[in-house]
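**Q** Sequence:
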Amino acid sequence: MERCAARRAPEEERRVRANAREYNEKFQYASNCIKTSKYNIVTFLPVNLFEQFQEVANTYFLFLLILQLIPQISSLSWFTTIVPLVLVLTITAVKDATDDYFRHKSDNQVNNRQSQVLIGGVLRQEQWMNVRVGDIIKLENNQFVAADLLLLSSSEPHGLCYIETAELDGETNMKVRQAIPVTSELGDTSKLARFDGEVICEPPNNKLDKFGGTLYWKENKYPLSNQNMLLRGCVLRNTEWCFGLVIFAGPDTKLMQNSGRTKFKRTSIDRLMNTLVLWIFGFLVCMGVILAIGNAIWEHEVGVCFQIYLPWDEGVHSAFFSGFLSFWSYIIILNTVVPISLYVSVEVIRLGHSYFINWDKKMYCAKRRTPAEARTTTLNEELGQVEYIFSDKTGTLTQNIMVFSKCSVNGHSYGDVQDVLGHKAELGERPEPVDFSFNPLADPRFQFWDPSLLEAVKLGDPHVHEFFRLLSLCHTVMSEEKDEGELYYKAQSPDEGALVAAARNFGFVFRSRTPKTITVHELGRAITYQLLAILDFNNIRKRMSVIVRSPEGRIRLYCKGADTILLERLHPLAQDLANVTTDHLNEYAGEGLRTLVLAYKDLEESYYEEWSERLHRAGSAPEAREDRLARLYDEVEHDMLLLGATAIEDKLQQGVPETIAILTLANIKIWVLTGDKQETAVNIGYSCKMLTDDMTEVFVVTGHTVLEVREELRKAREKMMDASRSVGNGFYQEKLSSSKLTSVLEAIAGEYALVINGHSLAHALEADMEVEFLETACACKAVICCRVTPLQKAQVVELVKKYKKAVTLAIGDGANDVSMIKTAHIGVGISGQEGIQAVLASDYSFSQFKFLQRLLLVHGRWSYLRMCKFLCYFFYKNFAFTMVHFWFGFFCGFSAQTVYDQYFITLYNIVYTSLPVLAMGVFDQDVPEQRSMEYPKLYEPGQLNLLFNKREFFICIAQGIYTSVLMFFIPYGVFADATRDDGTQLADYQSFAVTVATSLVIVVSVQIGLDTGFWTAINHFFIWGSLAAYFAILFAMHSDGLFQMFPNQFRFVGNAQNTLAQPTVWLTIALTTVVCIMPVVAFRFLKLDLKPELSDTVRYTQLVRKKQKTQHRCMRRAGRVGSRRSGYAFSHQEGFGELIMSGKNMRLSSLALSSFAARPSTGWIETLRKKKGSDGSTAGSPSGVADKMLKV
30 MERCAARRAP EEERRVRANA REYNEKFQYA SNCIKTSKYN IVTFLPVNLF EQFQEVANTY
90 FLFLLILQLI PQISSLSWFT TIVPLVLVLT ITAVKDATDD YFRHKSDNQV NNRQSQVLIG
150 GVLRQEQWMN VRVGDIIKLE NNQFVAADLL LLSSSEPHGL CYIETAELDG ETNMKVRQAI
210 PVTSELGDTS KLARFDGEVI CEPPNNKLDK FGGTLYWKEN KYPLSNQNML LRGCVLRNTE
270 WCFGLVIFAG PDTKLMQNSG RTKFKRTSID RLMNTLVLWI FGFLVCMGVI LAIGNAIWEH
330 EVGVCFQIYL PWDEGVHSAF FSGFLSFWSY IIILNTVVPI SLYVSVEVIR LGHSYFINWD
390 KKMYCAKRRT PAEARTTTLN EELGQVEYIF SDKTGTLTQN IMVFSKCSVN GHSYGDVQDV
450 LGHKAELGER PEPVDFSFNP LADPRFQFWD PSLLEAVKLG DPHVHEFFRL LSLCHTVMSE
510 EKDEGELYYK AQSPDEGALV AAARNFGFVF RSRTPKTITV HELGRAITYQ LLAILDFNNI
570 RKRMSVIVRS PEGRIRLYCK GADTILLERL HPLAQDLANV TTDHLNEYAG EGLRTLVLAY
630 KDLEESYYEE WSERLHRAGS APEAREDRLA RLYDEVEHDM LLLGATAIED KLQQGVPETI
690 AILTLANIKI WVLTGDKQET AVNIGYSCKM LTDDMTEVFV VTGHTVLEVR EELRKAREKM
750 MDASRSVGNG FYQEKLSSSK LTSVLEAIAG EYALVINGHS LAHALEADME VEFLETACAC
810 KAVICCRVTP LQKAQVVELV KKYKKAVTLA IGDGANDVSM IKTAHIGVGI SGQEGIQAVL
870 ASDYSFSQFK FLQRLLLVHG RWSYLRMCKF LCYFFYKNFA FTMVHFWFGF FCGFSAQTVY
930 DQYFITLYNI VYTSLPVLAM GVFDQDVPEQ RSMEYPKLYE PGQLNLLFNK REFFICIAQG
990 IYTSVLMFFI PYGVFADATR DDGTQLADYQ SFAVTVATSL VIVVSVQIGL DTGFWTAINH
1050 FFIWGSLAAY FAILFAMHSD GLFQMFPNQF RFVGNAQNTL AQPTVWLTIA LTTVVCIMPV
1110 VAFRFLKLDL KPELSDTVRY TQLVRKKQKT QHRCMRRAGR VGSRRSGYAF SHQEGFGELI
1170 MSGKNMRLSS LALSSFAARP STGWIETLRK KKGSDGSTAG SPSGVADKML KV
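End of the sequence shown = 1221 in the numbering used here, gap-free, step of one.
It should be emphasised that the hints constitute simulated quantities derived from the structure, not laboratory data.
As the structure is a prediction and not an experimental result, all values here were calculated from the model.
Ideal Cβ placement from N, Cα and C applies to all residues, glycine included.
Any given hint might turn out to be false.
[Unchecked claim] No farther apart than 25 Å at their CA atoms in a straight line, the calculated lysine to any residue pairs in the SDA-like style are these:
| # | residue 1 | residue 2 |
| --- | --- | --- |
| 1 | K124 | V71 |
| 2 | K239 | H733 |
| 3 | K748 | K810 |
| 4 | K250 | N234 |
[Unchecked claim] Between beta-carbon pairs, the in silico distance windows are:
| # | residue 1 | residue 2 | range |
| --- | --- | --- | --- |
| 5 | V112 | A1057 | 22 to 30 Å |
| 6 | R980 | N255 | 53 to 61 Å |
| 7 | K833 | V112 | 38 to 46 Å |
| 8 | F56 | D797 | 32 to 40 Å |
| 9 | D797 | Q1131 | 47 to 55 Å |
Kindly generate the complete structure, drawing on both the sequences and the hints.
**A** Printed below as a string of structure tokens:
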């Protein structure tokens, strides 16, 4: 396993010779072993301890332990520190060891997978970890690719094979790869064993879509591209077998190069606590210095007079040295300002919060039987502080299931179901779906809700027939019929699959194809069309066409593509129909559907023959082949007749629009980072309401050079600034600095969106432009990054972390999201359809995006609230406890004498005050979970870090010091002249200690009662039980029984009973409690009345609402006016049409189309957004006033 971690010098180029291990080993290439674990048996203890002692607190307590082992200065027993320190170190070590064990287990599972390696002309089973660069390995259908391979040959004709790349880029559609012709004939092991070609290629890198190299063999050289490569993480599909040459292995593979380093994540509260511990230590040193100076002065002025019966300790010869020793003694005594129990308690609270997430039934997916899982216990409170969410698209926001939703044919729109009154029916009011039982070849999973379209088919409407005929012919789908009537379609894109499936159900069934023919069953009648040409899709054309000859001899071109492209190529006579169809397109696009326009054109035989000849010459041209073909395609795709348009719904996961709307109201910005194309991502942006037609402008950055990208970003900022000037009536006329620019831009956020492509993002992320990009992006309400690589996703997250200092959350479901998930402060994995890589790398996981709302607004907010209240109270109670020693030092000759007895000091943080604060930290709530979801603005205090910061810390410290002053001086003043019932002097050291300790326990118990906002039986039991435990232990320690058993340890028999029997003592305790607590009660009462917080207002609103009758409001779905934009839905890659026409891919297997779920209703979101600013209608009632305050 050590070779997994071997380090090598960076490569400039890679040389790989097939079947030559000795030659390749001299380059010391990495083996195929991967390692993600941190420790092994030998290194675990030293490395883990080293990591733990990087925590300031652990080092601090180790230092105290060393001091306590020195008898001259030790004023407390060493066990009071070593026991809790060892406990904390052990608990943390066990947790780290468990985590690393599972990493080892995962590594071993992958490294021990079996692969067939060609060694000595014979295929042998080898573990993945033993595969070497230069080996030839055999893959079989449905196997994972073991390393980055150069495809040599396959079972398919022409060396083709089909792969699924979901683990790499998140796309579940199949992709085709092809061996170079010279090696595609090497199909048997004997030929492959003699293959000795040498590959010279680029060094290892993280670019998934690029590969450059050359194969040298038999004195010839052959260029290699990404189309010849099979990358690790892909799965071989629909291909019986293939052989590949290992080019990159293990950590050098593109998958591992994109995986990113595992980073130790810590919350902002952790970092703040480290800073505060340093401050407290400085404060502790200052107190120690003050008391040490006091000791030296007292010993010099007063103590020297009492040397006869108060001699100095052995070795102490001067007042200065006595002060020096006193300094260290006070450091030990006063160390309880930060007891180690703080860190134990924090871990316990976090563990409790993690279990609440795991046990939450409302985050359990019954369909997949998948609960939410907190895979880490250290980040819970940071869930309540998230400002930026970076989300993958496919499989995270969407189900990656395309559904034929609506269509427009000859100016008539189909797909809207109407009720008896002629209005659009809501989802819940829909009747049964259309019955396709007349068609024996129909897909039973397909559903459509408008029966009028099927009626038009049955009535023989020629336009509808031609519409579905186009859908059944104009595509690159492959068909396989395993059993009679059971058709399986293999589509390169889900869009095409949905369209062909729709045509199938409406009676136009694509049955089979050859390189030159397409067979379609039209309403039960088999018709074979001659396939003359496929005018393939690419990102520039944004359309595809086929030219077919019908059995009657008619030649017709069928075309489908983006509306912006096809509407310009229609015949002038089709203008009226185009206007009606455009209205339909805008309506569909406004609903977030993915649209295509369909058209056709009849061709004359003579024209086609002449055009076909020119096409053949262009296709064989040595230079400018693509340009010549594009001109010929453009020539024939003109003056077409419009048939209609299709609208496909990329099924969002349930609740996505609602979740995004509510998170937006919580002031959380959501960025979508996807590997999909721009059109696809933008359509999903509209579907999930990230993008709306109400936006002022959607900026699209597509520049290919640094200058183009910078100019596009500059123009976007200028437009936003112009808008702000017009709104501000000249207020912004003065020149703004860059910092002011950012604040001004962010002040007008909510009106704009930014869409940027991967090649443009690569320039935008360069050092000299990243700030400009970030300023522009952060000023926008929504940001969508398209065609981004996994590493670019991580770079975007890192950019926001670097400059915005905001808490980031990344959520994804595929291996292409792992790098982003690891980089963000919080990583969330969706246990979806793309494997478990994202889940394994995540901090939290669940099965649906909508659960993110509950994770943040309920669990995250509560965790942050509870942790902040816990820390504030903890520092308060420990300063109140510890500072009494400081004041006592001025009255005991600075001798490091403690006020309390040693057992009280030991038990104070472990028994007397630990459980109540734990109960508050685990169970407390300010408002119920329903209100947390109803009022997203309650989330903002966490983002602004209002509940625990340096200011709040100093307030807690001040309250603790104030309490300690009263706790010491009130009993001290009373005891100075007080007497017992029998007239004897009340004042003695032990009675004073009992009185102060009892006052302290009662005061901090009352204080936590005031701090607790949500009382449970556990809170009651722990608070009053801790008080009872204090008195029980107090009386036990001063009892006869313990004195008789341990006379040297418990020598003050009956002291507690005698002290607490005095009314004066109880009056003193009561006075101390009232004086300590009343200012707190008064301050909170005034604050609640004069300046209530959001949570206070929500609680008040709830009380008012309980007294009022519930009013039901009917919310009507507001229609939207769609903007003119392209809703183009066509996401497959260029080149598939050429493969079909060549006949190279005629041996394809099936691809079963996925079923779909019902589309969630999203009409209420507009109402929710409007509700955010609507104050006037509710201003007349008390609840209205409260609601108004919440919406500010």
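**Q** Find the hints from earlier in the document that the structure breaks and name them by number, from lowest to highest.
**A** Of the numbered hints given earlier, the structure breaks none, since each of them holds.
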